[in-house]
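Chain residues, written in single-letter form:
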Amino acid sequence: MAKDGLGLEITELRLGLPGGGFDQVMLKTGKKRVFSEIEEDHHQNGKRSNGAKSEIIPKNEVVGWPPVCSHRRKISFNGQESTKLYVKVSMDGAPFLRKIDLAAQKCYSDLQLNLERLFGCYGIGEALNDADSSEYVPIYEDKDGDWMLLGDVPWTMFIESCKRLRIMKRTDAKGIGIHPKSTLKGTSRDG
Amino acid sequence: MCVFQSTINYFPEEVLEHVFDFLSSHRDRNAVSLVCKSWCRVERFSREKVFVGNCYAVSPERLLSTFPRVRSLTLKGKPHFADFNLVPPDWGGYLHPWIDAMVKARANLEELRLKRMVLSDDTLDLLAHSFPSFKSLVLVSCEGFTTDGLAAIAANCRSLRELDLQENEVEDRRGQWLSCFPDSCTSLVSLNFACLKGEVNLAALERLVARCPNLRSLRLNHAVPLDALQRILAQAPHLVDLGTGSFVHDPDSETYHKLKNAIQNCTSIRSLSGFLEVASRCLPSIYPLCSSLTSLNLSYAPGIYSNELVNLIRHCKKLERLWILDTIGDKGLGVVASTCKELQELRVFPFDPHGVGYTAVTEEGLVAVSAGCPKLNSILYFCQQMTNAALITVAKNCPNFIRFRLCTLNPTVPDAVTQLPLDEGFGAIVQSCKGLKRLSVSGLLTDQVFLYIGMYAEQLEMLSIAFAGESDKGMLYVLNGCKKLKKLEIRDSPFGDVALLADMGKYETMRSLWMSSCEVTLEACKKLAMKIPRLNVEIINENEQMEASTDDKQKVEKMYLYRTLVGPRKDAPAFVWTL
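So the sequences go chain by chain: A and B. Counting along the first sequence from 1, when you hit position 47 you're at 47 in my numbering, and nothing is skipped either side. Counting along the second sequence from 1, when you hit position 541 you're at 541 in my numbering, and nothing is skipped either side.
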């Protein structure tokens, strides 16, 4: 992903994602207006590539959509409605932290994708895809308070023990001898 | 002519009453009561079944004085969007004042049908003790009560024929509510407890079934295992409607063998549902039922995969109603299209829309069914994508739709092929389906679709809009065009004050209007409330900001207005303001 807007926009204080994006945006009134943002996207982008499923809308972030009654949700939706696992994500160099719902991800690849969405303009995509050459190392703090490298343990084990995430600059890790070796690439998706 | 008129006036009232007896629909009765004073009086005093579409439109006392002989009452409470978590808890819709009033008036209540109401165990207890002829309790999407309340009903309603619980939130007290049916209870015709979460006393259930020879409809919950089902079916071979609980067993076992035999004897089953827990290898046991089934609901059976569903459906040639999960896929819907020539109603629910790599059904499945099932008149379809071309084809194939509800999993997805809005597709539907009464639209939609709806949907009574439209014009087209509109519910659409206030009198001809996350301001709502006193304009205000500022230009997050004869309700919680 191109490193757009890595200029002075970073220092600009505003509500919303650094570099813009299509996650939920809090407007001044404090209301979430996901779809007004998305509509603009539609009009601006014009034709989109055929067959591209509409990934624009983060489907699991709209209240009451799809319109299925709660009784049915509990039974059909694999219980996804019930659990939320928000953890903080910090990225070295970013002016503020984000939060991400681990329960909404199915596997490391999902997590990678969503971290990319959160911090796109900072090159996290490169960090997670091609770890050898990237500036960043993804780590997490586990239940014992230790900082662990992302990707070593199975996804379900990871979710249970992760308290927060940090995208660390590789330079800070020097001397520790970490060779991530694309820990996340090639990790098979857990069902 | 004069002679004829005076003859009508001299009809004895008993004759009029006898004639009115043949009118079962409340709409017909309403029409009759408008003819003249004497007809109105006769009708009023003879009406036994009363339908109240909005429990806050009228007071219980007023209802009872108008219809003193009411024996059957239908009440609806919360707005429809409450089903999707858009209405905060404790909003209202309480049953208690109604039961209270009926007790005081010594009404002879026999039937109660409730939808989206809140009732407590105490209310159920009062109900159970107060009406000796009480026969039928049907609760749909209700809440506030526990299995203790059910126990009170079971124990005290001596003439109970029907206890039907559909999709309610019932707290399980791990009691023995089923055991509370006394041995003297032999009158049950219909028992549905599929939505209950907890265990039931299986022995009590089996004894109950055994002593109720008129039992025709039985829907079990997930806690009733297959071996219990087998014993129950052996006792109740005359069932017409069956909802299984858990349907998991070893197909080589004796139990399974007995089940197959029991099922063979159930030659009257026309409606099948449940399979709340299911092992596909057990499904062949129900194949003998399939050829006579007219109604099949597998929408709560997540464990069945597409090819197994298809195998089952191939046997169901007489199906008129099918509720299914989208795991069936487009190909599976193709099989439905070629097999179920009598199909009238189809509902395809989403199984796991947030699952990664998930493909649901698309426009192909819908087109296939529309082509293969000429009697199709009601559809609820959750889909991954849709196209205008498909909708236009569907409209041509099925001009008889009464209900058409389409829900794209991504609410603003455009035509999957052309990337255009879906205006033309829905336009074709409303133009072709002249009898359309209910419509839900979704996908990328501009004001154009509403122009079509206003122009063509002459019989439309209920319209649901989400994330659609571009300006006030959209809503105006609908309000101006749809003369028979009764319920309009809108969320996340850019309709504002101009649309809301253009024809304020219109709302008195409608049951209700819901608008949330739109562009309507507090000022406009206040204006409307002032101008039309017989409306309750309620603002649901969940954040404290609004409380603090009295800025009328503020946008209102949730507004619900409805016509009423009794002014602002007295049971509104703190977060609901009636303007």
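None of these hints come from the bench; they were simulated from the model. Hints should not be assumed to be uniformly reliable.
[Stated by the list, open to error] Pair by pair, the computed Cβ-Cβ distance ranges are:
{"hint": "1", "chain 1": "A", "residue 1": "Met-157", "chain 2": "B", "residue 2": "Met-455", "range": "57 to 63 Å"}
{"hint": "2", "chain 1": "B", "residue 1": "Asn-480", "chain 2": "A", "residue 2": "Leu-97", "range": "48 to 54 Å"}
{"hint": "3", "chain 1": "B", "residue 1": "Val-417", "chain 2": "A", "residue 2": "Met-148", "range": "55 to 61 Å"}
{"hint": "4", "chain 1": "B", "residue 1": "Lys-341", "chain 2": "A", "residue 2": "Asp-152", "range": "54 to 60 Å"}
{"hint": "5", "chain 1": "A", "residue 1": "Pro-154", "chain 2": "B", "residue 2": "Pro-374", "range": "29 to 35 Å"}
{"hint": "6", "chain 1": "A", "residue 1": "Met-157", "chain 2": "B", "residue 2": "Asn-85", "range": "30 to 36 Å"}
{"hint": "7", "chain 1": "B", "residue 1": "Asn-85", "chain 2": "A", "residue 2": "Lys-106", "range": "51 to 57 Å"}
{"hint": "8", "chain 1": "B", "residue 1": "Lys-434", "chain 2": "A", "residue 2": "Arg-164", "range": "55 to 61 Å"}
{"hint": "9", "chain 1": "B", "residue 1": "Met-455", "chain 2": "A", "residue 2": "Cys-69", "range": "30 to 36 Å"}
[Claimed, not checked] Calculated cross-link-like contacts (lysine-lysine; reagent style DSS-like; alpha-carbon spacing at most 27 Å):
{"hint": "10", "chain 1": "B", "residue 1": "Lys-531", "chain 2": "B", "residue 2": "Lys-555"}
{"hint": "11", "chain 1": "B", "residue 1": "Lys-483", "chain 2": "B", "residue 2": "Lys-570"}
{"hint": "12", "chain 1": "A", "residue 1": "Lys-74", "chain 2": "B", "residue 2": "Lys-197"}
{"hint": "13", "chain 1": "B", "residue 1": "Lys-115", "chain 2": "A", "residue 2": "Lys-74"}
{"hint": "14", "chain 1": "A", "residue 1": "Lys-169", "chain 2": "A", "residue 2": "Lys-74"}
{"hint": "15", "chain 1": "B", "residue 1": "Lys-487", "chain 2": "B", "residue 2": "Lys-531"}
Even glycine gets a Cβ: it sits at the ideal position worked out from N, Cα and C.
Comparing the hints with the structure gives:
no.	hint	result
1	A/Met-157 <-> B/Met-455: 57 to 63 Å	holds, 59 Å
2	B/Asn-480 <-> A/Leu-97: 48 to 54 Å	holds, 50 Å
3	B/Val-417 <-> A/Met-148: 55 to 61 Å	violated, 47 Å
4	B/Lys-341 <-> A/Asp-152: 54 to 60 Å	holds, 57 Å
5	A/Pro-154 <-> B/Pro-374: 29 to 35 Å	violated, 52 Å
6	A/Met-157 <-> B/Asn-85: 30 to 36 Å	holds, 32 Å
7	B/Asn-85 <-> A/Lys-106: 51 to 57 Å	violated, 23 Å
8	B/Lys-434 <-> A/Arg-164: 55 to 61 Å	holds, 60 Å
9	B/Met-455 <-> A/Cys-69: 30 to 36 Å	holds, 32 Å
10	B/Lys-531 <-> B/Lys-555	holds, 20 Å
11	B/Lys-483 <-> B/Lys-570	violated, 32 Å
12	A/Lys-74 <-> B/Lys-197	holds, 11 Å
13	B/Lys-115 <-> A/Lys-74	holds, 20 Å
14	A/Lys-169 <-> A/Lys-74	violated, 41 Å
15	B/Lys-487 <-> B/Lys-531	holds, 20 Å
Figure legend: structure checked against the earlier numbered hints; hints not met, in rising order: 3, 5, 7, 11 and 14.
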